[in-house]
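Undergrad: Chains A and B, in that order, are what the protein sequence lines are. For the first sequence, the positions run 1 to 148 when my numbering is used. For the second sequence, the positions run 1 to 166 when my numbering is used.
If you are wondering where the hints come from, they were derived from the structure by calculation, not from laboratory data. Even for Gly, the Cβ is constructed at its ideal location relative to N, Cα and C. Hints may contain errors.
[Said to hold, decoys possible] In silico DSSO-like links for lysine-lysine, alpha-carbon gap of 27 Å or less:
| # | chain 1 | residue 1 | chain 2 | residue 2 |
| --- | --- | --- | --- | --- |
| 1 | B | K48 | B | K72 |
| 2 | A | K53 | A | K114 |
| 3 | B | K135 | A | K64 |
| 4 | A | K114 | A | K15 |
| 5 | B | K118 | B | K72 |
| 6 | B | K135 | A | K53 |
| 7 | A | K15 | B | K118 |
| 8 | B | K135 | B | K72 |
| 9 | A | K114 | A | K64 |
[To be verified] Per the computed footprint, the stretches of chain A lying under chain B, defined by three or more beta-carbons under 8 Å from a beta-carbon of chain B, are:
| # | region |
| --- | --- |
| 10 | 21–27 |
| 11 | 74–86 |
| 12 | 96–107 |
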Amino acid sequence: PPPRPSSCGTLQRLKVKQQWAQAFGQGTSRETFGTALWRNLFNRAPDARDLFKNVDGDNVFSNKFQAHIQRVLGGLDMSISLLDDEGTLNAELAHLRMQHAERGIADENWEVFKDALLDVVPDELGSCFDYDAWNCCFTVIAVGIRGR
Amino acid sequence: KMMLALFVVLALTGSSFAQTCCSVEDSNEVHRMWSGVWSAEFTGRRIKVAQSIFIDLFGSHPDAVALFSRVKGDNVDSPEFRAHCVRVVNGLDTCINLLTDPATLNQHLSHLSGQHAKRDGVRAAHFDAIATSFKNVMPQISNCFNPDAWGHCFGRIADAISSGLP
Chain A
1 PPPRPSSCGT LQRLKVKQQW AQAFGQGTSR ETFGTALWRN LFNRAPDARD LFKNVDGDNV
61 FSNKFQAHIQ RVLGGLDMSI SLLDDEGTLN AELAHLRMQH AERGIADENW EVFKDALLDV
121 VPDELGSCFD YDAWNCCFTV IAVGIRGR
Chain B
1 KMMLALFVVL ALTGSSFAQT CCSVEDSNEV HRMWSGVWSA EFTGRRIKVA QSIFIDLFGS
61 HPDAVALFSR VKGDNVDSPE FRAHCVRVVN GLDTCINLLT DPATLNQHLS HLSGQHAKRD
121 GVRAAHFDAI ATSFKNVMPQ ISNCFNPDAW GHCFGRIADA ISSGLP
C-alpha cells in the first residue's frame, strides 16, 4: 500500500486542492454540500448552534444561515486554494484569526468542524477521498486560524 | 384611458428591466465564464486575476490606493495585498454561485453592504470603477467573454452592495 502521509507536504496540498475543487463544486451543489456539512456539525455538537444566533443558527435552511454557510465555505475555499502559496496563505490565515478571535470558539469545536468536514467531503469523492492528507492539511489551516 | 397609460408605463419599465436584469440565461453565461477562471485548483491563476483587477483599478484611479492602506495597497505583491485581492474576488465568486438562489444571495449582499459601509471613504462610484476594471480584465482571461451577460449580473451584485454608500 502507498505510504500514509503524516504531514501536509507539497503533494498532499496539491491533492487536497484538487479534491476540494471537486467536492465544493459550483452553484446550487455548494448549498447542498454546505447544508450537509452544517447539519453534520450540529448533530455532533448541538450546543454549537448558540454561537450562530445572529445568523439564524437554529434553522440551517433559513436564507440568513445559508448565506453564512457560503461565507464560511468561501473562507475555507480561499485557505485551501492558497495551500501551495505559503506567504499569501499565512496572510489570509492571520486575517481569519482576527475575525474569529473574539468569538470564543472552544478547542473541541474546531475538532468537531474537522470531523464534520472529513465526514461530508467523501460523499462527493467516494473512496478516492484521501483522509490522511485532509486530516493533516485541515489541521494546518485550523491551527493558523486559532493561532495555537 | 388611465388604465391604458398605466399599461404603457408598465410595458416600458418591463422592457427596460429586461435589458439590464441578470436573467437566468445571463447567470448561466456568467457561471460558464467564471468557472473557467476561478477554480480552487489553480492558485496562481486566482492571484494573478485578482491582482490584475486591482492593478487596473489603481492605474485609472490612483486615489483609490489609499483606501487599501490597511492591507498594503501600495505594494501589490505583498502577501497582505495578495490575500486581500483573493478575498475580494472570492467574495464575488460566492455571489456568482448564489445567483441561482436569490433569497440567500440577498442576505449575503446585505452582509457585504454592511461590511463596506463601515469602511471610511468607500463610495458607490468606486464600484463603477471596479466594474470597469473587471470589464477590462475578464475578456483577457475568459474564454469567449460575453460582456452583456457579465455586465447585467455584475451590476445586480455591485448595485446591492453599494446601495447604502455615499
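Undergrad: Now, for every hint given, state plainly whether the structure supports it.
TA: Right, here's what the structure says about each hint:
1. K48/B <-> K72/B: This hinted pair holds, its Cα atoms lying about 17 Å apart.
2. K53/A <-> K114/A: holds, 21 Å
3. K135/B <-> K64/A: Since the Cα atoms of K135/B and K64/A sit roughly 31 Å apart, the hinted pair is violated (cutoff 27 Å).
4. K114/A <-> K15/A: holds, 17 Å
5. K118/B <-> K72/B: holds, 19 Å
6. K135/B <-> K53/A: violated, 39 Å
7. K15/A <-> K118/B: violated, 38 Å
8. K135/B <-> K72/B: Roughly 24 Å between the alpha carbons, so the hint for K135/B and K72/B holds.
9. K114/A <-> K64/A: Roughly 23 Å between the alpha carbons, so the hint for K114/A and K64/A holds.
10. 21–27: holds (count 4)
11. 74–86: holds (count 9)
12. 96–107: The restraint on the region 96–107 of chain A is violated, since only 0 of its residues have a Cβ under 8 Å from chain B and three are required.
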